Amino acid sequence: RTYEDGDLIIKQGDAADGMYFVEAGTIKITIFNEDGKEVQVKEIKKGGYFGELALVTHKPRAASAYAVGTTKLAFLDVEAFERLLGPCMEIMKRNIDDYESQLEKIFGSKHNITDVR
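Read left to right, the sequence shown gives residues 23 to 139 (our numbering).
Because the hints were derived from the structure by calculation, they are not lab data.
The model shown is predicted, which means the values in this text are computed figures rather than measured ones.
Just to be clear, a hint being listed does not mean it is correct.
In silico DSS-like links for lysine-lysine, alpha-carbon gap of 25 Å or less [claimed, not checked]: (1) 94 with 64; (2) 94 with 67; (3) 81 with 59; (4) 50 with 33; (5) 94 with 68; (6) 68 with 33; (7) 33 with 64; (8) 50 with 64; (9) 50 with 67.
Quick list of the computed label-pair ranges, beta carbon to beta carbon [stated by the list, open to error]: (10) 24 with 106: 20 to 26 Å; (11) 39 with 94: 17 to 23 Å; (12) 33 with 92: 17 to 23 Å; (13) 65 with 105: 27 to 33 Å; (14) 96 with 63: 20 to 26 Å; (15) 60 with 101: 29 to 35 Å; (16) 29 with 69: 17 to 23 Å.
Idealized CB from N, CA, C, for every residue including glycine.
Start from the sequences and build out the full structure, keeping to the hints where you can.
This is the structure:
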């Protein structure tokens with residue numbers, strides 16, 4: 023699917039329905055900080071991907087993603103993602119939960135931990 027400059031692809035807080043692969047263009051990843059201000063935290067270019075962590079954790083999206091210029095994305099829905107991972111899914115979820123717990127101890131809150139690569 024093709025997106026134009028400024029198009030919202032995923033919204034922070036929404037349920038995860040799949041992950042995205044950048045085939046052309048650039049994606050801007052933003053989060054709302056503790057002051058309620060939307061800030062850019064990452065840029066993803068051709069060959070990159072985003073949205074996969076929410077598929078493993080089954081938690082709401084931790085960030086928003088916007089197209090920068092004309093951007094072409096491929097989409098992998100949650101069912102295909104889970105079929106692809108098969109038995110590895112439970113191991114990945116357990117490891118991610120452990121890492122999130124460790125990061126929460128380091129940073130002091132879950133608010134500072136995001137689904138951003």
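The hints, checked one at a time:
1. 94 with 64: holds (18 Å)
2. 94 with 67: holds (11 Å)
3. 81 with 59: holds (22 Å)
4. 50 with 33: Given that 25 Å is the threshold and the Cα spacing comes to 12 Å, the pair holds.
5. 94 with 68: It holds: about 9 Å lies between the C-alpha atoms, which stays within 25 Å.
6. 68 with 33: holds (21 Å)
7. 33 with 64: Holds: residue 33 and residue 64 sit about 15 Å apart, inside 25 Å.
8. 50 with 64: holds (6 Å)
9. 50 with 67: Since the Cα atoms of residue 50 and residue 67 sit roughly 9 Å apart, the hinted pair holds (cutoff 25 Å).
10. 24 with 106: 20 to 26 Å: Hint holds: Cβ distance 24 Å, inside 20 to 26 Å.
11. 39 with 94: 17 to 23 Å: 19 Å Cβ-Cβ, so the 17 to 23 Å window holds.
12. 33 with 92: 17 to 23 Å: Roughly 20 Å apart at Cβ, these two residues keep to the hinted range, so it holds.
13. 65 with 105: 27 to 33 Å: Hint holds: Cβ distance 30 Å, inside 27 to 33 Å.
14. 96 with 63: 20 to 26 Å: holds (23 Å)
15. 60 with 101: 29 to 35 Å: For residue 101 against residue 60, whose Cβ atoms are near 31 Å apart, the range 29 to 35 Å holds.
16. 29 with 69: 17 to 23 Å: holds (20 Å)
Of the hints listed earlier, there is not a single one the structure fails to meet.
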